[in-house]
Structures are given as structure tokens and as C-alpha cells.
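There are 2 protein chains.
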Amino acid sequence: VIERLCVIGVGLIGGSIARGARARGLVRTVVGVDLDGGNLDKALRLGVIDLASREVAEGTAGADLVMIATPVGAIEGVLRELQPVWSERAIYTDAGSTKINVIAAAERVFGAVPPNFVPGHPIAGAERSGVEASTADLYAGKRVILTPLALTDTEATARVEALWRELGAKVSRMEPRHHDEVLAATSHLPHVLAFVLTEMLGRKDEQREIFQYAAGGFRDFTRIASSDPGMWRDICLANGREIVPLIEQYREALKQAAELIAEGRAEELHALFSQARGARQRFLDQLEK
Amino acid sequence: VIERLCVIGVGLIGGSIARGARARGLVRTVVGVDLDGGNLDKALRLGVIDLASREVAEGTAGADLVMIATPVGAIEGVLRELQPVWSERAIYTDAGSTKINVIAAAERVFGAVPPNFVPGHPIAGAERSGVEASTADLYAGKRVILTPLALTDTEATARVEALWRELGAKVSRMEPRHHDEVLAATSHLPHVLAFVLTEMLGRKDEQREIFQYAAGGFRDFTRIASSDPGMWRDICLANGREIVPLIEQYREALKQAAELIAEGRAEELHALFSQARGARQRFLDQLEK
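These protein sequence lines are chains E and H, in that order.
Taken in order, the first sequence gives residues 9 to 297; the numbers are from the numbering used here.
Taken in order, the second sequence gives residues 9 to 297; the numbers are from the numbering used here.
Hint data in this document are derived by calculation from the structure and do not stem from the laboratory.
A hint or two may mislead.
You can't tell identical chains apart in this list, so a pair holds if it fits in one copy or across any two.
When the alpha-carbon atoms are kept at most 27 Å apart in a straight line, the in silico BS3-like pairs for lysine-lysine are as follows [as the list claims (entries may be wrong)]:
1) Lys150 - Lys212
2) Lys50 - Lys150
3) Lys263 - Lys212
4) Lys212 - Lys178
5) Lys150 - Lys178
Please read these numbers as outputs of a predicted model, since none were measured by experiment.
Here chain E stands alone, though its shape is the one from the complex (with noise of 0.2 Å):
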């Protein structure tokens, strides 16, 4: 059991990881910190958290985890505040979407990243946002990713593993860099393409309407581009290096795509409409796994 647990940054998912701590008994108090005041008193109304602060320090001060929840490009600032108040005995750990730009934060404030301090990422996003849309059950099957580094504890990490899986998640670990790499593909890459889609189709809409003739596929389709507009610009800042890349590499096979259409080359299009679909279904039969 955790005595004092403190949630830095009281949303979707900082909200959901107190949330689901409690309702399994995990945790004995939690501390809800946040610059955002109203956020504060929603999480006490709601009773996701026990005590609220607006400092990190205060917040933090006797807590025996402390998980960071901030959107990515907070993190800094909260290592900041952090490092004068930092404790030997607690466990730090944070919910970042993306790994080597807070590791490198780490390092800029601390010198070196603390060995107490376990990276990590739970992949359970939502297009809701706030802690009125958290849920003790948010991370019930989903993975969660840690990304420790060679002079992390050992302890430090099977606790916080620990606590992932009690919270019903599905946990790896894996080299920062990888982590970057994968999430950068699968997620932060069709985040970009759909935000843009949508855009670039919002303002034809404004000239001429479009929309209302949108049906199933294409709800689906954006369903990301209702996601908080300034999580997905710090997550596009923070790992830019890894993005960037595969949206030149998806311009060049759109590029393809569009000769293959322009030229009418049917049996090549084909084949990589066959080779897409059979793609999706390896995913799907691993999503059932």
C-alpha cells in the first residue's frame, strides 16, 4: 500500500491513476497538485484526490510516490520545482507520451537523470480530456510502457510496475529511443494526419459544405482530431526528431499512391490496398491477444 500517494497534473490521466489506486485500495491519501485551481477543487468535489495543493513542494513534501501527469511539455518546468525538494526515500515516475525529451529535462536539472525516477508512459489516450473524464478502469488492459535507464533502481521500477499492473495494465519495458520511435509511428504520426486532414477539409467546408455528406468512415477516421490541441503540440515539439522523418517518409508513399492512381497502374494499386488491409488484420489479431 501506497501511504501518500502525490498526482502532479489532475486530468484525464493523472485523475484515472488516483482514481483506480483508491478504488483498489492501493493508496491510503492521495495529493492532487495542479497550477490550475479549478481543476483542484473538481478532484475534490469528485473525490479523486484527498488534499489539493498548488505548490510542488508543499504537495509533494512526505509523499512515497509521486507521478507526474502533466502534459509532456510541462514536465520540465515541474522537474524544476522539484529538484530543490527532491527525497531519497520516494519514487518518482511520470505518464509523458513521449520519453527521451523528458529524460533529457531530467538531466538538465538534475545533472543526471536520479536513479529514483522511473520513466514511463501508459498508452490510454482518449479525445476527452480533464478530470471529469477519468475512470478508475482507464488503463484495464491497456499497455503501459517503462523506459528506465541503466542507473535506475531496480526497486524503484518493480514498484512502479507494480502499481500499473495492479491497475490492470499490460507493462513493457523498452529503450527510450525505441519507445520514441514506435509511438511515433503508431500514434503521434496518425495524430498529425488526421488533425491535418481535418483542417485542410474544414476549410473547404467553409467555402462549400462537405461535411454533411461525411459518413461512418470519415468520423472514424478523425476521431483523433477532436484530441486537446495543445497535448498533441507539446508531444509533436517533444519528439519532432522522430516525427518529422516518418511524415516525409508518408509523403513519399502518398506520392506513389498518387502516381499508381494517375497512371492507372489497377494491379499494383491493388496490391497495396491487399497488403494494407492484411496489415490492419495482424493488428487486430494482436489487439485481441
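Position chain H relative to chain E; hints supplied.
Here is chain H on its own, set in the frame of chain E:
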């Protein structure tokens, strides 16, 4: 009441028209025509059709309404078979996903588009296909676009429109060119984007597993990449003149987004994503109407 409805191409689209018309008592006899004998057997066994034929001439004999519900790439061949047995007292229509090329095919076959042929398109895809997937309510609440020409018989258009309305669809009329433009943006382009992304990531997944870390957002985004490859090859070839420039426009928009990311232009990136989210909300608001 339609005495004799002939559905050419007994798959998801044609099967659902037959089922829907029968369920609502709109038709006395349904004749199914398909090159694929297995399809016909299934359709007979499922009670979707009353009579089956593999010959267009035989199957359409005595029909009041002939619905061409084959993939778009097969429509010209069907029209060629219809030409020698074309009846002045029947009404002909189609359910092809593109319209300019169907009209051009009819011009090639008949010299001019016959006045009793009403080009149409129900916007009701599904990633499933085949007569087994057909349902009586596929068109309930869906949009159907008719693209009659100046010389199209207004009575014929009205009868086709009435059939779709009785199947529960919202029917609009549109210029054929505008139909192809709108559908290229809201349907054809997204399908190409999903196919190309899924194929590209499928190749990465073969080298080093990435799909196991993909989540619900990816599942929704790639759903349309499970669509029938042959059908989408045909659509892309039929409407390449609209699709190819849109791909080019999208590649340019992606290039600009990549620049914003690479150059760390946070505010512009945030504005782009916010505009996308706003545009999607407009789309959702319209969908509910």
C-alpha cells in the same frame, strides 16, 4: 409497389436494397443477377432474392426497376450487356461510388445517357462486404445522392428518389462533377490515406513489432483500411482526376505541418490543431442533425 426489382451485383449494397425493399413491402419479386454463382446461391438461401440469373438479359427481362449495384469498375460492362435489351418502360439506376465515370460509360455505350437511367450513390459503405453482411436497414438515416442530367426523365428520378426515401435515406440531388469532388474529399482521400499509412506501418511492423503498442485511436483511424481493395482500386481509378490533386494538396499541407514541428513553431501548431478540432466538431454537429 415495384412488381419486379432486378438487382445487378448482389453484395452488401445490392443485397441491402433488396432486403430493405422486401422488409417494407415495396416490391413483389426480386431478381438477383451476379457473375458469381456462389453469391447468388447465398442470396437465394438467405431469402434476399427470389430468382437468380447469371445473365443480365435474362435477369432484367420484365423488370420495372433495375438497380446496378456492382463495383464501379464493372458498371460499363453491365451497361454493354444491358444495351441490346434496354427497355423504355423500365427505370434504371446505379449505386456506384463515383458518377462522372458512370455517366461517361453510359455515353460510350448508348451515345447519350438514356433518359430512363438515373445515376445515384448511397453513401453507406462498411468495411464488411458481401451479401452475408447486407441488412434491411443499411440505408436508414444515410445520405443518397442522385445526379440526374438535364435530359433525365423527371418521373424516373422521382421514382428512384422515392425508393431511397422509403428505405430510410436522406436524398439529395447534385451535379455529377460536384458529387465526385465532394466524395473525393470526404471519402476517397481518407481511404487512400488510411491504406497508405497502414501499408507503410505494416512494413515496419514486419521488421520490428510496433502494432502491439498501437491503441484505440489507431484502430479507429485505420478502420477504413480494412475496406475491400478491389472496390477501392476501382473508385480511385474512376475518380483519379479529383483524388490525385487532393493528395497533392494534402502532401503540401503535411509538409507545412512538418515544418512547424521541425522549427518548433508552437503557436502555429496549436492553431492548426485547434482549427482541426473545431472543424471536426462542426462535422459532428451536422451528423446529429
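Hints violated by the structure (numbers, ascending): none
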